[in-house]
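The lines below spell out each chain.
Number of protein chains: 2
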Amino acid sequence: MHVVDGQTLSADETARIDAYWRAANYLSVGQIYLMGNPLLREPLAPEQVKPRLLGHWGTTPGLNLLYAHLSRIIAARGQDLIYVTGPGHGGPGLVANAWLEGTYSETYPRISADVMGMGRLFTQFSFPGGIPSHVAPETPGSIHEGGELGYSLSHAYGAALDNPDLVVACVIGDGEAETGPLAASWHSNKFLDPVGDGAVLPILHLNGYKIANPTVLARIGDDELTALLTGYGHKPYFVQGDDPATVHQLLAATMDVVFDEIAAIQYAARFDGVTGRPRWPMIVLRTPKGWTGPKEVDGLPVEGTWRAHQVPLSAARDDAGHLALLEEWMRSYRPEELFDRNGAPAAAVVDWLPRGDLRMSANPHTNGGRSPHELELPDFRGYGVKAGETAEATRVLGGWLRDVMTANDAHSNFRVVGPDETESNRLGAVLEVTDKAWQAGIDPVDQHLGPHGRVMEILSEHTCQGWLEGYLLTGRHGLFSCYEAFVHIVDSMVNQHAKWLRTIRHLDWRKPVPSLNYLLTSHVWRQDHNGASHQDPGFIDHVMNKKAEVVRVYLPPDANTLLSVADHCLRSRNYVNVIVAGKQPAPTWLDMDDAALHCARGLGIWDWAGNDAGDPDVVLAAAGDVPTLEVLAATDLLRRHLPDLKVRVVNVVDLMRLQPVVEHPHGLPDAEFDAIFTTDRPVIFAYHGYPWLIHRLTYRRAGHPNLHVRGFKEEGTTTTPFDMLVLNDMDRFHLVMDVIDRVPGLARRAAVLRQRMVDKRAEHRTYVRSTGEDLPEVREWIWPTV
Amino acid sequence: MHVVDGQTLSADETARIDAYWRAANYLSVGQIYLMGNPLLREPLAPEQVKPRLLGHWGTTPGLNLLYAHLSRIIAARGQDLIYVTGPGHGGPGLVANAWLEGTYSETYPRISADVMGMGRLFTQFSFPGGIPSHVAPETPGSIHEGGELGYSLSHAYGAALDNPDLVVACVIGDGEAETGPLAASWHSNKFLDPVGDGAVLPILHLNGYKIANPTVLARIGDDELTALLTGYGHKPYFVQGDDPATVHQLLAATMDVVFDEIAAIQYAARFDGVTGRPRWPMIVLRTPKGWTGPKEVDGLPVEGTWRAHQVPLSAARDDAGHLALLEEWMRSYRPEELFDRNGAPAAAVVDWLPRGDLRMSANPHTNGGRSPHELELPDFRGYGVKAGETAEATRVLGGWLRDVMTANDAHSNFRVVGPDETESNRLGAVLEVTDKAWQAGIDPVDQHLGPHGRVMEILSEHTCQGWLEGYLLTGRHGLFSCYEAFVHIVDSMVNQHAKWLRTIRHLDWRKPVPSLNYLLTSHVWRQDHNGASHQDPGFIDHVMNKKAEVVRVYLPPDANTLLSVADHCLRSRNYVNVIVAGKQPAPTWLDMDDAALHCARGLGIWDWAGNDAGDPDVVLAAAGDVPTLEVLAATDLLRRHLPDLKVRVVNVVDLMRLQPVVEHPHGLPDAEFDAIFTTDRPVIFAYHGYPWLIHRLTYRRAGHPNLHVRGFKEEGTTTTPFDMLVLNDMDRFHLVMDVIDRVPGLARRAAVLRQRMVDKRAEHRTYVRSTGEDLPEVREWIWPTV
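Chains as they are written, first to last, in the working numbering: chain A, 374 to 1159; chain B, 374 to 1159.
Mixed in with the good hints, there may be bad ones.
Note: identical chains are not told apart, hence a pair may lie in one copy or across any two.
Said to hold, decoys possible - Straight-line Cα separation of at most 20 Å, EDC-like style, residue types lysine to aspartate or glutamate; simulated pairs:
#1 Lys-563 <-> Asp-595
#2 Lys-920 <-> Glu-1088
#3 Lys-608 <-> Asp-595
#4 Lys-1086 <-> Asp-914
#5 Lys-1019 <-> Asp-985
#6 Lys-884 <-> Asp-730
Think of the hints as simulated: they come from the structure by calculation, not from any bench. This structure is a prediction, so every number in the text was calculated from the model and none was measured.
Next comes chain A alone, as it looks inside the complex:
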C-alpha cells in the first residue's frame, strides 16, 4: 500500500481546482433536479423541480473530482488522455464537465454556454426527448456506455493499444469491480506493450456501496486489497479522505507520482531497452458516496451510504423540507462564484483547463481516432482456391489475414483477438508475421509469443470483446475469432455495442467506427468430437434481435466465398458482422470470380448444380457450409435416381437477403425472391442454425407455406460429423426423403428410393456405432462433374 503525502498544490491551485469541482457538482445536481431557475437567482420553487427525478448522484462527485485533477495533469504536461468511466451512472458528471470545457456547446449549439443553455442542459437530462441518464454515445468524449457494468477496463486497454502517446484513465466502480468481465480484465496488463502501446491508469473508486449493499472490495481491508491489486500486477497508490482540501492535495501529489512513473516505464522500455513486464501504477480512491450531498434526509444518513446512489431528495417537488434541503445543497457550491452574469463558467473556474483537442471531452481518440487510417486490404482474389479443390476455409483466410497484417504494419491499426483459438481456428498464418502479445514470462519451449505481438489471446471472451470494442471505438480495425458455441458468453456485450452503433447513426457529429467482425468457426456441425457443450448456433438468433441497420450475418459456403465476405466486412463501418465458417477440409464450390459475384448478390441459384431449366419441381436451398454440402449431395442423389425431377439449387450467403426489403436494407424485393424460390413449389431449406430463424425471416413471403426448413434441433453430442446431421435430420438422405414427401405425385413414383434412404440412415447408424467412423461413401462423396 503506497500513500503519497505532499503539498503539491499552491493555495491558488487548490482554490481553482476546488471551484471547478464545485461547478461540476453544481451542474450535476442541477441536471438531476431542475427544469427552471438554473442559477438559483431566485428562491427555488417546486415547479422548477422536475416531476420525475431520475438520475444517479452517488458516483458523480468522485468522477467530477477525478476529472478536475486529470485536467490539471493534462494542462501541465500536454498529456494526451481520455477518460473511461466504469460507473456509467455518473452521466450528469461527464455532461457537466463537457459543458464546462465548452465541448458540449460546440457539439450541441442549443446547449449554449450561458444561462439559457444551462437551463436546457438541466432540463434535457433524463427527460423525454433529451439525453440518457448514463454516460452514452451522446456524451462528448465517451467511448463507454454506462448501464451494464464490467467493461470499462477492457475498453480502456483496447483504446490504449497502438496509441503510444495516450494515457487512458479508467475509473472502476467498486460495484462494477465485482463483475466477472471486470475481474478478468485486470490481467490485461500482461498484454500491454510499453513500447508500442499507450498506458492505462486504473483508478479503483471505493465509494463503498452499490444500490443497496456495501461493495466487497470496500470491506476486505486495505491489506487484502493491496495484496489483490499487487497480485493483479499493479503498484497501488491509495488516496482516501472526506475533507476536500486534504483530498485535493493527496490526489494531486499522487497523480504527479503516478504520471511520472508511467512516463518512466515508457522511457525505460522505449529508449533504455528495458524489457520485462512493468508493474504499472494505479490509484485507489476512497471517498464517500454522494460526497458533498445531503448528509441526512428524513433522519437517515445519506452521504457516505447506499442511500446516495440515485436521487437523495426524492420528494423535492412535493415536500417543502426536501425542497429547502435541495436549495441549501446547491447553494453550498456557491454558484454565484462559479458562473458569470451570463451564466457562462467564470473565467477563474475554467481558464486553467486544457484547450482544444486535449480536453477529455474533445479528445479525437473518442470519436474516430486521432489519426485514423483506412485498412489496406490486399486483393483477396489472389488467395483463392480452385473450384473442386478441398480446402480448410479458415486456413485460406489466415493467409490473407497474414498479408492484411503486413499491409497495415506501418499504421499499427489492425489486431486479431480470440480466446486461445487463433491456431485451433486455423488462422495461424498470421503468426508468420507477428506474435501473440505477451508480457508475462516466456519459456524456451514457447512459440510465437512476444511483447510486440498483434494477435491478442486470453481465455476470456469478455476481455477479447472488450479489447476489440475499445480498439474499434478509437478508430482502428480488427477481427474476433471464436468458437461458435462460446460466443454466447458475450451476448450481453454485443447487445450494448449494437446499441452504441444504433445511436451514433443518429448523431451527425459522431464518426462511423469500423465494424465489429466475428469469425465464428469450430461451429455446431463440427463439434462432434467435443459434444453437446460445444454445440450451439444460437448467436445468429441473438444478434438478429438487434436493429436491422446494424447487423449482418454471412454464411459463406466455401473458402473463396469466405475470403470475399471477410474483405467486405473489414471494409465496412458501423456494423456488427457475424461470419460463420468451417475450419475442416471441405470442397470449394465456386471459382474466385463466381464466389465474389455470389457474395455480392448475397444469394443465388446455382445453375451448375441444378437441372430445373427455369421451372423447378422443387427448390433445394442451403445456408452454411455443411448444409451446402448436404444439399449438393442430396441433389446428386436426386439427379441420379430421379433424372426427370427438376431440381433447383439455391445458396444463401447473406442471411439478411431473405427478409422483406421493408425489414432490412439487404432484403430482397418480393419479385426477386419469388423468382428464385418460386411461390408454389416446395422449398427444402437446409440451414446452419435453428430452423425457425428461416421461418421468421420469410414468413411474409408468398412461398412461405411451401417452405420446409431443416437445421439444428438440439440433437447430438459426441459422435461423428455425419451422425450429427443424421441426428438432426439434415443429412442428404433425409433431404431426399423430404423432397419425395413434398413434391406432389412423387411419393408413389419414388417409394423405392425413399425406402433406400431410410435404409441408408439405418445402415449409417449401425456402421458408425461399430466403427466410430462415417460410411466411406459419405466421407468420400464428391460433386460429380456432370
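Chain A is fixed; fit chain B onto it per the hints.
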C-alpha cells in the same frame, strides 16, 4: 506462500496411492486410444486403436492425482466430500476413477469391473453412441459439465451452502482461471458461512498451458500469484514438482494441513463463537501438463507443454512409431500390477478407498442431495390482492417468498440470489426473516447484512447463477431475481444448464433437480428512466432455442397471477422457468381464484373485458403485464367509441401454449387454439418482447395470416413509460388504429376515431416533451366497471 514439507506417507501408503494413480492414468489413456486389447495382454495392433482420436490428456493426470489424494483424506477422516473439476476436458480421468471405485459398473452394469467392461469403457469414450469426452451428466459424481469454462468455483460454493458437513474440493484449471466468471467467483468466500455452510477447497492447478498458449497465472511468478490469492482472501499452500514420489509426499502433507485448518475454522465458528471472515486455505498445484505422458513426439517436447493438451500421439493408428510410443506409454503404468486376471482392479490398488456413498463418484450430494426435502410452500392464495386494486406485483410476491423462507427454515434448503437487486426488485420482505449473506466487514449504517443470511447478493450475474446452479444440482431450491436486460449476461450459462437438464432426462439413475427459476423484473417497458442500456427483452428468445422439454416462459399480467405462477415454478423440477413481471404499481385484473384458474389454463378469453358473445370481429390478445394494460385500455376505447364492434380479449400467461402440441408439451391443440383466436378474424397481439417470437410460435396455426403482433422493436431510451409504448407502436391508441386498419369495413366507419388516435399520439408527444410526464388521462386510466 506456504509450503508444507513432510514425510506424511509411509512407503506402503505412497505405493498404494501411486498404484491407484497409475491405474487411473492407464484407464484414461485407454479411453482416449483403444477399442481393443484393453489390458495389453498382447502386443498393441493398429486396428485396436480408434480411427478418430478424440479426447484430452493434458489435464487428466493432475485430476487423477488429486482424486487419489482426496480419497485418502476421505478414507482417513470419513469426510463427506465432492469433487468439482473445472478442467472439464479431464473427462476420461473422472470416468476412470468412477470405474475404479466400482460406481461406474453399479451405474452402468454393461461396463462391468472386468476385462469385458474395461474394453467397453475404453470403446465408448468419445465414440458415437458412447459418452462425451468431457465430464458430463453421464459421469457419476459430477455436478459440473466440462466444456465451457469458468463456472467451477461458483458451482462449488453453491453446493457447499447449507451443507455444513460437506467439503467441496474444486479444481480450477489455470486456463479457466482467466475467464471472467471464474475470476469473479473467488470472492464467494465473503458469502460462505463457516457455521451453517460447508467448506470449499479451491485447488488451482497450474499445468501451465491452454490449447496453444501458456496461462497467465503460471507466468506471473509465485510472489505475485501469492499476493493475488491472498487478496482473494485465501491462505494459499503451494505444491509443486515433477517427481511423483516427491509430489505424493508434499501433496499428502499439504492436504492434511489444509483439512485440519478447515476443521479448525469450522470448530472455532461453531463451538468457540469465533466470528469474522476466516482466511480459508487453498492449494496451488504446479505439475506438468500431460504428466507421465510422452516426453517427446516427432522430435518436439510434449509433456509439460501445450502439445499435451489433447491427444499427444495423433497418428497412433497409422504411424508405427506413434503406435510403439503409445504402447510404451501405457505399459509404463505396469497394468499387470494394477488389474487382476479378470481385469478387475487389483485389491491392493483399491482396497484402501472410501466405501459406499463416501466415494466421490457415488456421493449423493451430486445426485439430488444427501437429504433432500421438498419445498414447503404456504398457500399462495392467502397473499393475493383484490381485483381492481393497484399492487406492485413483485412486492406482493415478496410477502409470499418471506413466508416460503420461514416455512423451510428448518431444512435450510431455499435461497434467493440476485445482483444487488432484491430490494430494487421489491422483494425486500424476505429481509424481514433473514439477512443478506455477508462475511466481510459490517458498518453500523448497514442494514440486513449478516453472516447467516439466506439472500445472496453480489454484483455478478455469473456468480449468482453459478451459486444457484450448484445449489439446485445438489437438491435444494431457489430463485434468481434479475433485471431483464442484464440477464443476457448469463445466456451462455443457462445454455449449459439447459443441456444438463436435457441430458439427465434420459439418464434413469439421475434424480430430477429443482428447476432453475428466473424472476425477470425491472423489465423493458419500465426502464424508461435508465434508457437503452437497460432495455432488452431478448432473454425469452434466447431460452426458446433450448429443447422444449426443459423450457417454460410465463408472463403473468398482475400480482395474483404472478403468485400462482411462482408457486407452480417453485414446485417443479428439471425446468428452466422464466417469469417476467413488473415491479411498478399496476392494476390487479383477476381475483385469486380466477388468477389460479387462468394460470392453470395458461391462456384464455377474458369474457369480462370483451363483448364478442362468441363471435368476435377482432381479437385483442396480450402477453405481459404492460401489454395487457394497453390491450384493455384499447378495448375500453373501442367499446366506448365503436360499441357495435365485437371485441374478444385474450390473455396469455404461458407462452408455450401458443405452440403446436407437437412442438411443446404445453402446446394448445389446434382446435382449441382456433376456437380462442379464430381462424379468420384479425388478431392484434400485444407482446412483451420482440414481436417475431409470436410469429415463430404460431406460424403453423390456421389463423396465422390474420395475426398482427406489436412488441418491442428496439425503440426508446430515457423517456416515460407511456412514451416507450408510443415509440414502439404498442400504445392503446395505436392498437385501436391497428384494429380499425384490419377489421374489414371499419376503415371508413371509424375514420374519425382513427384520426383522433393519431392526434392523441401527437398530443402525447408534445405533452411529454414539455412536462416530462405522461398525459394524465393515460396515467389515470382505470378499467371501467361496465
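Checked hints:
Taking CA atoms no more than 20 Å apart as the test, Lys-563 paired with Asp-595 passes between copies only; the shortest distance there is 15 Å, against 24 Å inside one copy. With identical chains, the CA atoms of Lys-920 and Glu-1088 are at most 20 Å apart between copies only, with a shortest distance of 9 Å across copies and 30 Å within one. Taking the closest pair of Cα atoms, Lys-608 and Asp-595 come within 20 Å of each other both inside a single copy (13 Å) and across two copies (17 Å). When the C-alpha separation of Lys-1086 and Asp-914 is checked against a cutoff of 20 Å, the pair qualifies both within a copy, at 14 Å, and between copies, at 15 Å.
Proximity of Lys-1019 to Asp-985 under the C-alpha cut-off of 20 Å is restricted to the intra-copy arrangement: shortest distance 4 Å within a copy versus 50 Å between copies. Taking identical chains as interchangeable, the C-alpha atoms of Lys-884 and Asp-730 lie at most 20 Å apart only when both belong to the same chain, with a minimum of 15 Å there against 64 Å between chains.
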